[in-house]
Amino acid sequence: MAWAKKLLRVNLTAGTISEEALNMDWANKYLGQRGLATKYFVEEVDPKVDPLSPDNKMIMATGPLTGTCASTAGRYSVITKGALTGAIACSNSGGFFGNEMKNAGYDMVIFEGASKTPVYLFIDNDNAQLIDASDMWGTSVWDTEDKIKSDHQDPMIRVASIGISGEKGVKYACVVNDYHRAAGRSGVGTVMGSKNLKAVAIRGTKGVTVKDPVRFFEAANAGKAVLAGNPVTGEGLPAFGTQVLMNVINETGALPSQNHRDVQFDGAHAISAEAMAEPRESDGKPNLVRNAACFGCTIACGRISTIDRTHYTVAERPEYQVASGGLEYEAAWALGAATGVDDLDALTFANFICNEQGYDPISFGATVGAAMELYEIGAITDKETGGIELKFGSAKALTDLAELTGKSEGFGAEIGLGSKLLCEKYGHGELSMSVKGQEFPAYDSRGIQGMGLTYATSNRGACHLRSYTVASEVLGIPEKTDPLVHEGKAGLVKAFQDATAVFDSAGICVFTSFAWSLEDVAPQIDAACEGDWSVETLLEVGERIWNLERNFNNAAGFTAADDKLPERLMKDAAKTGPAKGLTSQLDKMLPEYYQLRGWTADGVPTNETLGRLGL
Amino acid sequence: MKVRIKLYASLAEYLPMGAVKNEADLEVCDKATPTQIILRLGLPEKMCHMVLINGVYIAPDERGSTSLAVGDHLAIWPPVAGG
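So the sequences go chain by chain: P and G.
For the first sequence, this note's numbering assigns the number 12 to the initial residue and increments by one for each residue that follows.
For the second sequence, this note's numbering assigns the number 1411 to the initial residue and increments by one for each residue that follows.
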């Protein structure tokens, strides 16, 4: 119940597809999606594997609630060893694709090997087949999705695909589904491209059953009432989206700007939610057209935007004068504040290109920011950039590089390396603002101390979605803590990490956690799934998943020395705002964190911890 | 004395005339508190979730006793989140 109890195994080398029963012993210990797929992955893949080798595997996985009527229950994740990081990667996406997979009767699809020629997997309920995709290779996510729907004469097919960037090895390529929802981080799309797998297309109509339908409806409806009655999930997110944070974080003095040299950005307002709602001069219409919801979502934080038709990026290109996936906060920060660009239309255009060609706007924008600093200090010149004047604040440089990176052409191929390899190549590795090779998202760890520990210990490299302590430290959810102090943050980070692993494994969106605690989630899982799913059980599952991921990374070669932040954040104090004079206090938080986790001083889970968690 | 008022998201409609980029200068009495300014602007108190003076959070029970100084920035948001 809730689980389909079945998975598909696709061997791309042999071109074979087989069904397997889901390992329910593992499902009871790891729940689903992130946790369960990671368990399959670590059991089957050598931690030392080259991420782009056929020996690496890629799993698309749903959670037990995916496809049910619980709010936001349309999620799926892509689990693999990340091309950008070499660490365990798990990227979560919304849209409608996850629901379709579950309704076709599968909890997950495991891809192994690599096809000799481009293919896509088509699943029509019980019928699954690999189909030649040679005529789609070299085309965008948007064209691929259109073509598959057209070829099968079924607009209801849901598609997850890679763009040209994923084919050509851009290190932070995404898997994009439903045109502009993405499993965005760590280069999961790059791994997919290395397997010559262009897309996965699914039509599923079987329905999803739950253990106790009456109790489940009651629990799901109670959860929806909590979301609707909460001012954040019921009013703030649908009206303003995540972009409302731009001015919040800037005012708080934690908005990294110009490759983290500054913690505030003068142009923040121009690229904020408030600016997206302002009528523009040319046609009197705002950038924001409407909000949008993923499958089953009762929050609807998504943004649908248009670009000013007179803007240089689209004036001669009517194909981009349409409403499409607009800026979310993290993307707007990376494309804007990190590069010093305050041109909202240029950012929206770059975001469109990221969706169209399938690459992560966070890593892209942050890498452009790093390249701009390399250019400023003369480590790269017009010779390397192909004549692009790569100055901080240049909208033209940003949008030119967005198009070049999408096709991995010219200097875009170098931007596609990610900031770590790019900065090391030009002799300034210290300018890469990343952890374990993955670029930071939109919060400065000098102004929000807990986020420094979050980034340093994230199992998939720098990431806000592994423990979003911003909720507590800035937004006061569930209770306010001081962002400028390090005391108490080790426990806060651990609590967020374990709880988030549960949300990510259930099939629901982590944004529900702005209103829901595990007290709201447990009754829904318990009514849907066999077994006893109390809050205590779920917390243990979350901790187990965290340690499972950590063990994989340790076996892959990561050590405590990789739980670190760039020197800039540890030595260069914030210049302005409330954090003025502060550096990250990571060195004070990390030992306490290891202790709370039951790890050695070297960051290795002790035998006692592993035994307690059944690992 | 003059202070800078910043109202965001759904609170923007309470900005004084002439506000630009969600900001306006406001003449207030010496040692004015956030609570006094919230009342003066007619802001619904329960919607004033996040109140910052120069970027520093002011807890609800401190909003009536914390004084602003000349040139201070008072920024207020309703309940919002993102990520």
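Treat the hints loosely; a few may be bogus.
As the list claims (entries may be wrong) - To spell it out: a stretch of chain G is covered by chain P in this simulated footprint if at least three of its residues, at any positions, have a beta carbon under 8 angstroms from a beta carbon of chain P; those stretches are:
| hint | stretch |
| --- | --- |
| 1 | 1419 to 1426 |
| 2 | 1440 to 1448 |
| 3 | 1455 to 1462 |
| 4 | 1481 to 1490 |
To be verified - Once the Cα atoms are required to be at most 30 angstroms apart in a straight line, the calculated DSSO-like pairs of lysine-lysine come out as:
| hint | chain 1 | residue 1 | chain 2 | residue 2 |
| --- | --- | --- | --- | --- |
| 5 | G | Lys1412 | P | Lys235 |
| 6 | P | Lys17 | P | Lys296 |
| 7 | G | Lys1456 | P | Lys491 |
To be clear, the hints were calculated from the coordinates, so they are not data collected in a lab.
C-beta: ideal position from N, C-alpha, C; glycine also.
So, going through the hints one by one against the coordinates:
1. Here the stretch 1419 to 1426 of chain G counts 3 residues with a CB under 8 angstroms from a CB of chain P, which clears the bar of 3, and the coverage holds.
2. Counting residues of the stretch 1440 to 1448 of chain G whose CB lies closer than 8 angstroms to any CB of chain P gives 0, which falls below the minimum of 3, so the coverage claim is violated.
3. With 4 residues bearing a CB less than 8 angstroms from a CB of chain P, the stretch 1455 to 1462 of chain G meets the requirement of three and the coverage assertion stands.
4. Coverage of the stretch 1481 to 1490 of chain G by chain P holds [criterion: at least 3 residues with CB-CB distance below 8 angstroms; count 6].
5. For the suggested pair Lys1412(G) and Lys235(P), the alpha carbons sit about 45 angstroms apart, so the restraint of at most 30 angstroms is broken.
6. Of the pairs offered as hints, the one joining Lys17(P) and Lys296(P) is violated, with about 48 angstroms between alpha carbons and a cut-off of 30 angstroms exceeded.
7. Taken as a hint, the Lys1456(G) and Lys491(P) pair is honoured in the structure, with Cα atoms around 16 angstroms apart against an allowance of 30 angstroms.
Checked against the numbered hints above, the structure breaks hints 2, 5 and 6 and satisfies the rest.
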